[in-house]
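Residue numbers (the numbering used here), protein chains in the order written: chain A, 140 to 255; chain B, 14 to 124.
Pairwise CB distance ranges, derived in the manner of DEER restraints:
{"id": "1", "chain 1": "A", "residue 1": "E207", "chain 2": "B", "residue 2": "Q121", "range": "39 to 47 Å"}
{"id": "2", "chain 1": "A", "residue 1": "G155", "chain 2": "B", "residue 2": "N80", "range": "43 to 51 Å"}
{"id": "3", "chain 1": "A", "residue 1": "K196", "chain 2": "B", "residue 2": "M42", "range": "13 to 21 Å"}
{"id": "4", "chain 1": "B", "residue 1": "P22", "chain 2": "A", "residue 2": "Q223", "range": "18 to 26 Å"}
{"id": "5", "chain 1": "B", "residue 1": "D68", "chain 2": "A", "residue 2": "F213", "range": "37 to 45 Å"}
Residues from chain A that face chain B, not an exhaustive set, calculated with beta carbons under 8 Å:
{"id": "6", "residue": "F184"}
{"id": "7", "residue": "Y187"}
{"id": "8", "residue": "L194"}
{"id": "9", "residue": "Q244"}
Hint data in this document are derived by calculation from the structure and do not stem from the laboratory.
None of the values given here were measured: they were computed from a predicted structure.
Every residue gets a Cβ at the ideal spot worked out from N, C-alpha and C, and that includes glycine.
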Amino acid sequence: DTGVSQDPRHKITKRGQNVTFRCDPISEHNRLYWYRQTLGQGPEFLTYFQNEAQLEKSRLLSDRFSAERPKGSFSTLEIQRTEQGDSAMYLCASSLEASPAPYEQYFGPGTRLTVT
Amino acid sequence: DQQVKQNSPSLSVQEGRISILNCDYTNSMFDYFLWYKKYPAEGPTFLISISSIKDKNEDGRFTVFLNKSAKHLSLHIVPSQPGDSAVYFCAARGTASKLTFGTGTRLQVTL
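Given only the sequences and the hints, what does the whole structure look like? Please build it.
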C-alpha cells in the first residue's frame with residue numbers, strides 16, 4: 140500500500156466554477172478526514188467520515204461544500220460556485236479507529252486549489 | 014480562538030545541536046498531542062505523539078515533553094540533521110479524533 144493519495148494535485152479554476160477532488164485512503168482505514176490549509180496556517184478540520192457515514196462538519200464547511208464517501212472507500216470533496224477565498228491546499232487524512240494508536244492520521248499530498 | 018499555538022514561526026539550529034520546538038494549548042479536554050513534519054508540496058508526516066496522561070515520549074532522536082499544568086509541550090530533536098529542515102506542526106486531538114493544528118514552526122538546520 141502506498142499511503143493516502145489525492146487527485147488532482149493542482150487545480151486552477153475560474154471563480155464561479157465547480158470543482159471536485161478525490162481522496163483514496165489507506166485501504167484498511169475506516170476513518171477519513173478532510174482539512175484545509177491556507178498560507179501561514181496549520182491545517183483546519185473540515186469534515187470526517189467513519190466508513191460511509193459523515194459524522195461531523197466544521198462551520199468552515201459552507202453549503203457550497205459537499206463531501207461523500209460512497210461504500211466507505213474513496214471520498215470526494217466538491218466545491219460549488221468557487222470563490223477566491225476557497226484558494227487553499229485541501230488535505231485528506233485517514234486512520235484506523237481500532238488500531239492501538241487511533242489518533243495517528245496519515246495525510247495525503249494535498250490538492251492545491253487556485254481560484255482566479 | 015486559537016486553541017493550539019506555536020509562537021515561534023521559525024528556528025535556526027546548527028547541525029548536531031539540539032532543536033527545541035514549543036507548543037501551547039488552551040483546551041484541557043485534548044487527550045493526545047502529536048507532532049507532524051511537513052516538506053513543501055507534501056502532506057504532513059506523523060512524527061511522534063504523547064498521551065495527556067504521560068509527560069514524556071521518546072522515539073530515536075525525537076522526544077516530546079508534556080507539561081499539563083502549564084498546557085505546554087515541546088519537541089526535542091537531538092542531534093539535529095540537515096534533513097530535519099521542514100515545517101513542524103503541533104496538533105491536539107479533540108472530540109471525534111479531529112486534530113487542531115498550530116500554525117507551524119519552520120526549522121532550518123544549518124551546516
